[in-house]
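*Asks:* The task is simple: from the sequences and hints, build the whole structure.
Number of protein chains: 2
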Amino acid sequence: MAKQDRAIRTRQTILSAAAKVFEERGYQAATINEIIVLAGVTKGALYFHFPSKEHVAEGVLNEQDQNLPIPDRASKVQQLVDTVVLHAHRLQTDPMVRAGVRLTLDQQAQDLDRSGPFVRWSEVGNELLEKAQAQGELLDHVSTAETADVLVGSFAGIQSMSQAVCEYQDLPGRVSSLLRHILPSVVIPSVLASVDITEDRGARVHAELLDRAARHEAAPVS
Amino acid sequence: MAKQDRAIRTRQTILSAAAKVFEERGYQAATINEIIVLAGVTKGALYFHFPSKEHVAEGVLNEQDQNLPIPDRASKVQQLVDTVVLHAHRLQTDPMVRAGVRLTLDQQAQDLDRSGPFVRWSEVGNELLEKAQAQGELLDHVSTAETADVLVGSFAGIQSMSQAVCEYQDLPGRVSSLLRHILPSVVIPSVLASVDITEDRGARVHAELLDRAARHEAAPVS
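Those sequence lines, one after another, are chains R and D.
Numbering-wise, the first sequence is residues 0 to 221 according to numbering that gives the first Met the number 0.
Numbering-wise, the second sequence is residues 0 to 221 according to numbering that gives the first Met the number 0.
Treat the hints loosely; a few may be bogus.
Said to hold, decoys possible - Computed list of chain R residues with no C-beta within reach of chain D, every gap over 12 Å:
(1) D4
(2) S15
(3) A16
(4) A38
(5) V40
(6) E57
(7) P68
(8) A133
(9) Q134
(10) S184
(11) D199
(12) L209
(13) E216
Stated by the list, open to error - Heads up, simulated BS3-like pairs for lysine-lysine below, C-alpha to C-alpha not over 27 Å straight-line:
(14) D:K19 x D:K52
(15) R:K52 x R:K19
(16) D:K19 x R:K52
(17) D:K42 x R:K19
(18) R:K52 x R:K42
(19) D:K19 x D:K42
Quick caveat, the hints were computed from the structure, so don't treat them as lab data.
Glycine included, C-beta positions come from ideal geometry on N, C-alpha and C.
*Replies:* Spelled out as structure tokens, the structure:
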């Protein structure tokens with residue numbers, strides 16, 4: 000394994016361990032030592048990648064919107080929906096994404112700037128909404144930045160409610176319900192009629208992405 | 000002061016102190032001792048009211064939806080809006096309400112049942128929506144329970160985003176924006192046209208309630 004590959008792998012090992020520790024203990028109570036022990040790395044290795052606990056937490060926060068290559072859709076509203084439902088699906092299935100979202104909502108993590116994920120998700124949403132607007136998919140009055148903020152904020156609460164009530168079991172249904180309440184105020188009826196917001200959409204988009212990745216890896220290098 | 004009044008006052012002193020301690024330290028890290036010291040009460044007095052830290056936390060959780068006598072409105076949609084914007088206003092101005100909401104969203108408070116406030120707020124919302132439905136204010140397809148859940152969940156996230164981004168300064172604007180995105184999917188246009196969702200609605204409802212309470216206290220006992 001090349002030196003660089005090993006470094007990338009160590010970084011991922013640390014982030015995975017940190018995700019577990021933050022999720023169990025909360026940001027404030029978690030210590031660098033607990034992360035080192037769980038990751039099975041030396042203190043030197045950790046500090047090589049992350050100069051402080053805050054930097055490790057930022058690494059975990061940033062993972063939630065990494066590796067998210069949503070397939071291009073002709074309808075940018077559908078692409079926005081797919082981004083949202085895929086995130087919900089990853090929240091149910093990927094501990095790293097879950098830890099990132101929990102840190103974002105951890106109000107005791109006072110020395111951590113938790114606004115980053117909110118701001119970045121809003122930018123992602125706004126960009127897709129602007130494209131949708133440019134191709135005439137949105138109602139005339141829509142302010143894309145305002146709608147992006149509403150979507151990001153309300154999603155954060157919907158996932159929190161689903162976690163508190165039943166540990167995410169009903170998350171796909173709640174997200175689909177949220178979108179069915181918000182999109183009619185934003186999207187023109189003819190586009191709305193052909194957008195897929197069914198509950199299993201997230202799982203299907205996820206499977207599609209895995210399938211693409213597998214075919215990409217299997218392709219001959221030219 | 001009657002014995003009972005004193006007991007009620009001590010209970011409130013403990014809850015106020017607990018709200019501060021939970022907000023600063025988080026549920027998991029907070030101790031009964033810190034609450035006793037800040038409240039200036041004896042251990043015996045605290046245990047008389049609350050047998051454990053969990054019970055104190057539940058007391059704080061429950062305060063967020065107490066003392067909330069929303070004035071009766073002819074339009075039940077307006078009454079629902081007023082309930083939401085008043086809660087947002089109290090979240091900005093009342094440390095006890097803020098502590099309750101923070102505890103509700105504290106994912107590290109693992110031995111605490113945090114579903115209560117979500118469930119109760121959904122019931123409050125559902126009840127008002129059912130009344131609105133009975134008097135023909137809602138669109139035909141609306142499931143009141145589903146809409147109540149969407150409102151409660153999305154509100155929780157909107158407030159969390161506002162807290163993370165700017166310590167609640169833009170909360171009234173964000174809540175008004177949320178309602179403008181959701182209500183058109185739920186309420187018939189003629190009712191929607193006369194519902195007040197402007198940003199200062201919460202402050203005005205709050206002032207109205209204070210005014211009523213003052214006049215009530217000033218009224219002669221008959």
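*Asks:* Looking back at the numbered hints, which does the structure fail to meet, lowest number first?
*Replies:* 10, 17
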